[in-house]
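Student: This is what each chain is made of:
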Amino acid sequence: MRGVFDIVGPVMIGPSSSHTAGAARLGLMAGKILGERVVKAEILLHGSFAQTYRGHGTDKALLGGIMGFEPEDERLRDALEIASDRGIEYSFSPVDIPEAHPNTAVLLLTGEKGRTVRVEGASIGGGNIRISQIGDFEVHLTGKYPALVVVHRDRPGVVNKITTIIARYGINIAYMKLSRKNRGQEAMMILETDDELTGEMLEDCCAVPEIIKAFAIPSIRGRE
Amino acid sequence: MISFNSIAELVELAQKANCPISQIVIQWEMENNFVAEEKQRAMMLKNWQVMEESLKRGLTNYEKSVSGLTGGDAVKLYAYRQHGYTGEAVLSAAASAVGVSEVNAVMGRIVACPTAGSCGIVPAAIYAAAEKNGNNIDEIVDALFTASGIGMVVEANASIAGAYGGCQAECGTAAGMAAGALVQLAGGTPEIVGNAVALAIKNLLGLACDPVAGLVEVPCVKRNGFIAVHAMVAADMAMAGVQSVIPVDDVIDAMNRIGRSMPSSIKETAEGGLATTKTGLRLTKEIFGK
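Residue numbers (the UniProt record's numbering), protein chains in the order written: chain A, 1 to 224; chain B, 1 to 290.
Just so you know, these hints were derived from the structure itself, not from any lab.
All residues carry an ideal CB built from backbone N, CA and C; glycine is no exception.
There could be a bad hint or two in this list.
[What the hints assert, rightly or not] Label-pair distances were calculated between CB atoms; the ranges are: (1) Y169(A) <-> E286(B): 31 to 37 Å; (2) R180(A) <-> N32(B): 34 to 40 Å; (3) Y80(B) <-> K113(A): 37 to 43 Å; (4) R180(A) <-> G68(B): 47 to 53 Å; (5) R180(A) <-> N136(B): 55 to 61 Å; (6) T86(B) <-> P98(A): 50 to 56 Å.
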């Protein structure tokens with residue numbers, strides 16, 4: 001059983017928990033993964049998202065989410081205008097991704113400091129989401145928990161070093177996944193935790209020699 | 001540690017503790033999701049405030065949805081409320097539920113209860129009941145916890161998603177939640193709550209989810225109006241002492257099995273039912289231009 005407030009709730013902007021609230025959450029997560037103000041958003045829509053996005057405001061919800069609007073933010077309705085006012089370049093186009101969930105979006109974002117990121121995710125019902133890909137890496141992120149993403153060189157003992165740091169800060173790991181491109185090359189570690197991650201902890205992770213980059217994604221649920 | 005997986009268990013726990021079902025639900029949330037009672041009450045109060053705002057906005061909302069399929073019917077129905085066969089209270093509740101649903105369709109703020117497609121039913125029924133009984137805000141908040149407990153059991157044993165169980169899973173669950181809440185607001189026992197849930201859900205079994213163009217508008221918006229009234233009748237029947245021959249957990253089991261055996265064309269895919277009528281197809285073409 002989930003919680004009391006998953007049944008009565010969430011507060012959201014209509015009309016659809018999967019096509020609007022979930023889409024806003026996908027945008028929100030992608031924006032957090034980019035980690036800086038978005039200046040350009042290229043959005044690809046697959047399946048049901050591609051078919052019905054206008055009628056459900058999926059486009060507005062995705063773009064609003066990217067700008068940091070929560071699923072209950074009334075500004076979602078005017079997200080396209082707000083994005084234009086903020087000088088954000090955006091586009092929506094259909095895409096066919098074999099075997100992807102029918103409500104899948106791919107978000108290609110560029111930030112003000114030039115950072116780019118490709119995030120693929122699906123709205124899996126009831127406003128819940130699953131991020132399945134960040135860049136070249138397969139991931140599994142729900143946004144329900146704070147997450148730590150670590151890109152590192154595939155060497156023995158790296159996982160141990162990172163989890164030791166996390167343990168030192170008294171943070172409990174709820175979920176963990178490790179993937180790599182090829183043996184000995186670049187790898188990615190995703191950890192979902194019960195507690196919010198601190199900047200200090202992140203600095204300690206970045207100080208590990210094998211780490212290429214590490215960033216934290218705050219949770220997008222359970223906030224007041 | 002408190003635990004319940006059926007309405008029967010929920011009713012029994014409440015009977016044993018000599019408290020309303022809402023108190024058991026609050027305790028469950030405390031033990032399982034570590035949210036203190038005071039905070040839970042504040043969160044539920046916020047939900048009710050949003051429900052009330054959407055309901056009031058709905059009764060004065062003339063705006064059409066993006067597709068143009070819905071908008072303005074709550075206002076019409078509300079204006080007619082003193083002239084109908086069913087009486088002012090019933091028509092006001094129907095208008096309120098249609099109104100909340102129309103607010104949802106114009107990208108307004110609502111509370112999913114249990115889903116966005118069924119968001120008008122519980123608020124409209126509770127609002128009407130509280131007006132009739134003179135229930136205070138604490139009683140309303142309590143009734144929402146009872147409604148949530150009912151929805152939790154349905155989700156655990158069947159589904160609250162149209163894509164899995166058809167509309168019976170969304171509006172049927174909402175009807176059960178509303179009927180149970182209304183019994184509590186009328187001062188009925190936990191046992192009567194269970195009975196009302198059975199009556200409400202039983203009479204919506206097998207309901208198709210076949211929205212035109214896949215949008216949460218036709219038939220969803222008006223259906224919210226009908227089902228708010230349906231829930232009120234179920235609560236009245238149960239309070240009058242009418243019993244469901246099939247016990248509530250059996251009804252939920254039937255809902256689950258029916259949902260599984262329904263074809264996917266009438267489970268939120270817009271590939272059957274009203275969505276593929278001649279008119280449904282024409283409207284789809286007009287809206288999406290293909």
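Student: Need the list of violated hint numbers for this structure, in ascending order.
Tutor: Those not satisfied are hints 1 and 3.
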